[in-house]
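From just these sequences and the hints, can you work out the full model?
These are the residues of each chain, in order.
Number of protein chains: 2
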Amino acid sequence: MQEVNVGIIGLGNVGMGTLGILTENAGQIALKLGFHLRVKALCSRSIHTKKLPAGLDSVLQTPDWQEVVQHPEVDIVAELVGGTGVAREIIDGAIRNRKSVVTANKELMALCGAEIWDRAIAAGINLAMEASVAGGIPIHSVLREGISGDRVTTLYGILNGTSNYILTEIEKRGVSFDHSLQEAQRLGYAEADPSADVDGFDARSKLAILAALAFGEKITPSDIYTEGIRRILPVDFQYAHQLNHTIRLLCSARQTPNGLILSVRPALVPQSTILAGVHGAYNAVWVRGKYGEDTFYYGRGAGPSPTGVAVVSDLMRVAREIRSGSPERVSPFAHERLGEYKPIPVTLQHSAYYLRFRVEDRPGIIAKLAGVLADKGISLDAVLQIPAENWRDLPFVITVEPTSELSIREALAEMSAHEFLVEPPLAMPMEKSL
Amino acid sequence: MQEVNVGIIGLGNVGMGTLGILTENAGQIALKLGFHLRVKALCSRSIHTKKLPAGLDSVLQTPDWQEVVQHPEVDIVAELVGGTGVAREIIDGAIRNRKSVVTANKELMALCGAEIWDRAIAAGINLAMEASVAGGIPIHSVLREGISGDRVTTLYGILNGTSNYILTEIEKRGVSFDHSLQEAQRLGYAEADPSADVDGFDARSKLAILAALAFGEKITPSDIYTEGIRRILPVDFQYAHQLNHTIRLLCSARQTPNGLILSVRPALVPQSTILAGVHGAYNAVWVRGKYGEDTFYYGRGAGPSPTGVAVVSDLMRVAREIRSGSPERVSPFAHERLGEYKPIPVTLQHSAYYLRFRVEDRPGIIAKLAGVLADKGISLDAVLQIPAENWRDLPFVITVEPTSELSIREALAEMSAHEFLVEPPLAMPMEKSL
Chain W
-18 MQEVNVGIIG LGNVGMGTLG ILTENAGQIA LKLGFHLRVK ALCSRSIHTK KLPAGLDSVL
42 QTPDWQEVVQ HPEVDIVAEL VGGTGVAREI IDGAIRNRKS VVTANKELMA LCGAEIWDRA
102 IAAGINLAME ASVAGGIPIH SVLREGISGD RVTTLYGILN GTSNYILTEI EKRGVSFDHS
162 LQEAQRLGYA EADPSADVDG FDARSKLAIL AALAFGEKIT PSDIYTEGIR RILPVDFQYA
222 HQLNHTIRLL CSARQTPNGL ILSVRPALVP QSTILAGVHG AYNAVWVRGK YGEDTFYYGR
282 GAGPSPTGVA VVSDLMRVAR EIRSGSPERV SPFAHERLGE YKPIPVTLQH SAYYLRFRVE
342 DRPGIIAKLA GVLADKGISL DAVLQIPAEN WRDLPFVITV EPTSELSIRE ALAEMSAHEF
402 LVEPPLAMPM EKSL
Chain G
-18 MQEVNVGIIG LGNVGMGTLG ILTENAGQIA LKLGFHLRVK ALCSRSIHTK KLPAGLDSVL
42 QTPDWQEVVQ HPEVDIVAEL VGGTGVAREI IDGAIRNRKS VVTANKELMA LCGAEIWDRA
102 IAAGINLAME ASVAGGIPIH SVLREGISGD RVTTLYGILN GTSNYILTEI EKRGVSFDHS
162 LQEAQRLGYA EADPSADVDG FDARSKLAIL AALAFGEKIT PSDIYTEGIR RILPVDFQYA
222 HQLNHTIRLL CSARQTPNGL ILSVRPALVP QSTILAGVHG AYNAVWVRGK YGEDTFYYGR
282 GAGPSPTGVA VVSDLMRVAR EIRSGSPERV SPFAHERLGE YKPIPVTLQH SAYYLRFRVE
342 DRPGIIAKLA GVLADKGISL DAVLQIPAEN WRDLPFVITV EPTSELSIRE ALAEMSAHEF
402 LVEPPLAMPM EKSL
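Chains as they are written, first to last, in the numbering used here: chain W, -18 to 415; chain G, -18 to 415.
No lab work stands behind these hints, which were simulated from the structure alone.
Careful: at least some of the hints might be erroneous.
For identical chains, the list gives no copy identity; a pair is met inside one copy or between any two copies.
Below, a list of computed lysine to aspartate or glutamate pairs in the EDC-like style, where the Cα atoms sit at most 20 angstroms apart [claimed, not checked]: (1) K413 / E382; (2) K13 / D99; (3) K13 / E96; (4) K13 / E321; (5) K199 / E96; (6) K323 / D362; (7) K21 / E341; (8) K271 / E5; (9) K31 / E48; (10) K413 / E274; (11) K271 / E386.
Next up, the structure:
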């Protein structure tokens, strides 16, 4: 039976994980496919120093990706390089050479997915990107196939394992953000430059892709309000727990009567919800559909093998499509804003909010802050202060009843004029609708 | 653009849910597919009394399923009748007439899936059965596509929403099984004859299908040890909570060095695990893979709309396959026992166990029971007794360290000879490996 041949470009963590599964699990893969999926070419800038699995001697091994995309026997190119530079050239080169493409590249697909998908369809090749979001969770497959008949109204995600690890360490052990970040770096969960993870940009790319798939609307990263987790203190978890909530870096895409509100930001999540049970370096996606109601998906967000499973499963899907001669389908990325799910500014969001203040102790502070809220028509829900002796700057919390993000921002701006504030107030939405 | 036409046979809950989504969500379905999916024929024994959505006047409406499977314009037949009688005839008739088939029939697919799949492949038609297991959770799509590159080692499921509803009501409100069952019947969650649900047979069919998909091994319902939830008392939850566990009707398929152990039975599940968070009429599936590690899937197990989403998503998948001319792939049902995942008897299972006894109070009982366990080489872990005044028959619990199910059964048989037992002991495995 005729085999389908794969060329892998990029042998970092994901590439090596993919290669390991393709070689070790080759028998079961062939059983499931009814034909063999063969590794035909491997490319890495440092190919000659890589410790490859046995049995790959007859496979092309090269530092030059051009050799892979031009290889006459390669049917599918796996782009596992990442980033938006050479990765883009590789994908374009593969498409030009009429190779199908599997990619794990969230950044590129979030920015240029629509364009790349169109080129793939025009060239008659197949394209897949399961590994670009939420590593081991087959969320693309779910949104494009499994629940394609539904009409998604809300999608929540915990899409950055590093941030979730850091937050749950702060929660569990009461350590500071800096301490927890250093620990994550020591364990290899966080990069030397952690900004993409802890400032929310990585999660933003992933949400852009998932929202495009879920809503069929044109979404770009710039549509997504993004705020990271650097300001979260251990005491925020104490307050959140008092309120029967926890704190997660929550990606959300919500249909409202006026359009879609998209954000990546720390938020209070009720302890009773299944999302609150996502600890450590796990990812999760929670989807509400008009017909299917709530579904929830959970798994490893990263790691060579879990992400490798996503790449290999995509390779199997594309190999089947190649074998059955079925062309790439309708693009999951829309070009036009269809209207129903048009992104609108986060300032239009309505939510209850958690506001945390650090102030120099003096009389009348709460009265002043409450006065500002009242002026903006915001109803105060509760004032919380944990008795503490070691705080010089008295962190305390005000929760407010559902109001618009715009009102909150205006109130916070006004409050910031008061010199008793040690730092700007921290505002987080409190999710109730899960 | 050419459309794909659907005939629906069976307009009960699932059929009406499917029809509702197909008509109401037609625009978005066409957008995702790039062509229209049209309802062409409807069949129900009581078709003339059905309140159908508007706009279906030109659609064939008949009480005779033969008219649907023979309809020259129907491309896909949705078999939503259920059971193993006429449903089998409908599917066979559709295949004979070279119509593709989408089915929600767990019982039939668990019993005859391999045979039906072969006939479909031989006839060159496409087949899909997402709705047969776990309603709104796209678990077929996940196992066949999303994580197909992985090698599953363990699968746990909560696959019967009625049982889960009953158990979580007993847990939450301390009511008896009978009371909770009546409540479930009143709410329409349980049938007048609840046996399929509460005795585990419904879950067994579902596990047989999922295990076939996950392990690629020939699995029949008779391979699965099955025990229902009728004997669970409120006090069992009290003891389980003392042990930091809860109780669920757990479907499990576990690879061991000797083969696959399959069971549907009440089991103690650690409270800290995500499976313990599955309350009410929800379903969930937890999968451990050699490469992808743990993933978890959760959603509505039943209901017209969630199951309808599964049927409609399958119709979309099959319509795409028809349009692209791609034939049905390798059957997910194996014919041969491949060996690696061969089912072996549950008596070979090793686990810690929870043993609950109801006895007439007299001295020396625990010593006698402990003696029997010692004779079988079973190590006692803890003895628990909640102080209670109103019990005449003193339910108490012994937990034992991991041992074989065979030893437990032998010990229980020996214990049963003692006349101080008011009823046979209740044994449940305590899951630790989640």
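Hints, one by one, checked against the model:
Taking the closest pair of Cα atoms, K413 and E382 come within 20 angstroms of each other only inside a single copy of the chain (11 angstroms); across copies the shortest separation is 42 angstroms, beyond that limit. In the homo-oligomer, the alpha carbons of K13 and D99 lie at most 20 angstroms apart only across protomers (15 angstroms), although the nearest pairing inside one protomer, at 30 angstroms, exceeds that limit. Taking the shortest alpha-carbon separations for K13 and E96, only the inter-copy value of 17 angstroms comes in at or below 20 angstroms, while the best intra-copy value is 32 angstroms. For the identical chains of this complex, K13 and E321 are inter-copy neighbours only, at 15 angstroms across copies versus 40 angstroms inside a copy, given an alpha-carbon limit of 20 angstroms.
Within a single copy, K199 and E96 get their C-alpha atoms as close as 12 angstroms, which meets the 20 angstroms cut-off; across copies the closest is 44 angstroms, which misses it. Proximity of K323 to D362 under the C-alpha cut-off of 20 angstroms is found in neither arrangement, the shortest distances being 32 angstroms within a copy and 59 angstroms between copies. Taking the closest pair of Cα atoms, K21 and E341 never come within 20 angstroms of each other, the shortest separation being 66 angstroms inside a single copy and 72 angstroms across copies. Only between protomers do K271 and E5 lie at most 20 angstroms apart by alpha-carbon distance; the minimum there is 11 angstroms, versus 42 angstroms within a single protomer.
Within a single copy, K31 and E48 get their C-alpha atoms as close as 18 angstroms, which meets the 20 angstroms cut-off; across copies the closest is 63 angstroms, which misses it. Within a single copy, K413 and E274 get their C-alpha atoms as close as 16 angstroms, which meets the 20 angstroms cut-off; across copies the closest is 31 angstroms, which misses it. Taking CA atoms no more than 20 angstroms apart as the test, K271 paired with E386 passes in neither setting, with 25 angstroms inside one copy and 45 angstroms between copies.
Checked against the numbered hints given earlier, this structure breaks hints 6, 7 and 11; the rest are met.
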